[in-house]
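Basically the numbering used here = 1-based index in the sequence shown + 13.
Calculated directly from the structure, the hints in this document are not laboratory data.
Wrong hints could be hidden among the right ones.
Label-pair restraints from in silico Cβ distances [as the list claims (entries may be wrong)]:
(1) 19 x 56: 34 to 40 Å
(2) 67 x 106: 22 to 28 Å
(3) 27 x 107: 23 to 29 Å
(4) 19 x 71: 32 to 38 Å
(5) 28 x 67: 32 to 38 Å
(6) 74 x 53: 29 to 35 Å
(7) 118 x 53: 25 to 31 Å
(8) 25 x 65: 39 to 45 Å
(9) 18 x 70: 32 to 38 Å
(10) 88 x 50: 34 to 40 Å
(11) 59 x 20: 32 to 38 Å
Idealized CB from N, CA, C, for every residue including glycine.
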Amino acid sequence: MKQRIDMFRHFEMLLPPDDFLLFAGAPRIGTHDDHYGMPKWPACVEAAMRRLRGEDEEFLHEWGDLMTRIGPAPTPVTADLEKTRKLLLEAPWELGADNLGWFAWNPILEPPSTTP
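Construct the complete structure from the given sequences, taking the supplied hints into account.
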């Protein structure tokens with residue numbers, strides 16, 4: 014496990030933020046149907062919007078501790094949820110690396126029926 018963490022640190026320092034996010038997600042690319050461009054993506058985005066509005070108490074109960082450790086959603090994500098929703102659906106890269114980094118570490122985009 015330490016070797017994998019060291020590898021991630023190495024590439025995080027070496028690559029630009031957007032490229033690192035792609036590298037970090039690469040092992041899962043094509044293995045799930047709940048990522049951008051895949052069939053369940055719209056449902057994941059709608060679930061995230063409900064969760065950002067605080068409308069999914071079960072999710073918050075299950076994942077609240079982890080979300081607290083990760084930290085609150087970046088202001089650009091919460092300032093205009095409809096804009097965030099549209100960007101996630103149509104062009105998530107336009108949210109920027111910092112905002113996408115928050116989504117990458119946060120389970121908020123998990124499909125609606127997924128719980129730990």
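These are the hints, each one checked on the structure:
For the pair residue 19 and residue 56, the supplied restraint of 34 to 40 Å holds, since their beta-carbon distance comes to about 36 Å. For residue 67 paired with residue 106, a C-beta distance near 27 Å keeps the hint of 22 to 28 Å intact. Taking 23 to 29 Å as the suggested C-beta distance range, the pair residue 27 and residue 107 conforms, at roughly 24 Å. Evaluation of the 32 to 38 Å hint for residue 19 and residue 71 yields a pass: the beta carbon distance comes to about 37 Å.
Evaluation of the 32 to 38 Å hint for residue 28 and residue 67 yields a pass: the beta carbon distance comes to about 35 Å. Range check, residue 74 to residue 53: Cβ separation about 22 Å, and the 29 to 35 Å hint is violated. Range check, residue 118 to residue 53: Cβ separation about 20 Å, and the 25 to 31 Å hint is violated. Distance hint for residue 25 and residue 65: a CB-CB separation of about 26 Å, inconsistent with the stated range 39 to 45 Å.
In this structure the supplied range 32 to 38 Å holds for residue 18 paired with residue 70, their Cβ-Cβ distance being about 34 Å. In this structure the supplied range 34 to 40 Å is violated for residue 88 paired with residue 50, their Cβ-Cβ distance being about 27 Å. As the Cβ distance of residue 59 to residue 20 is approximately 35 Å, the hint placing it in 32 to 38 Å holds.
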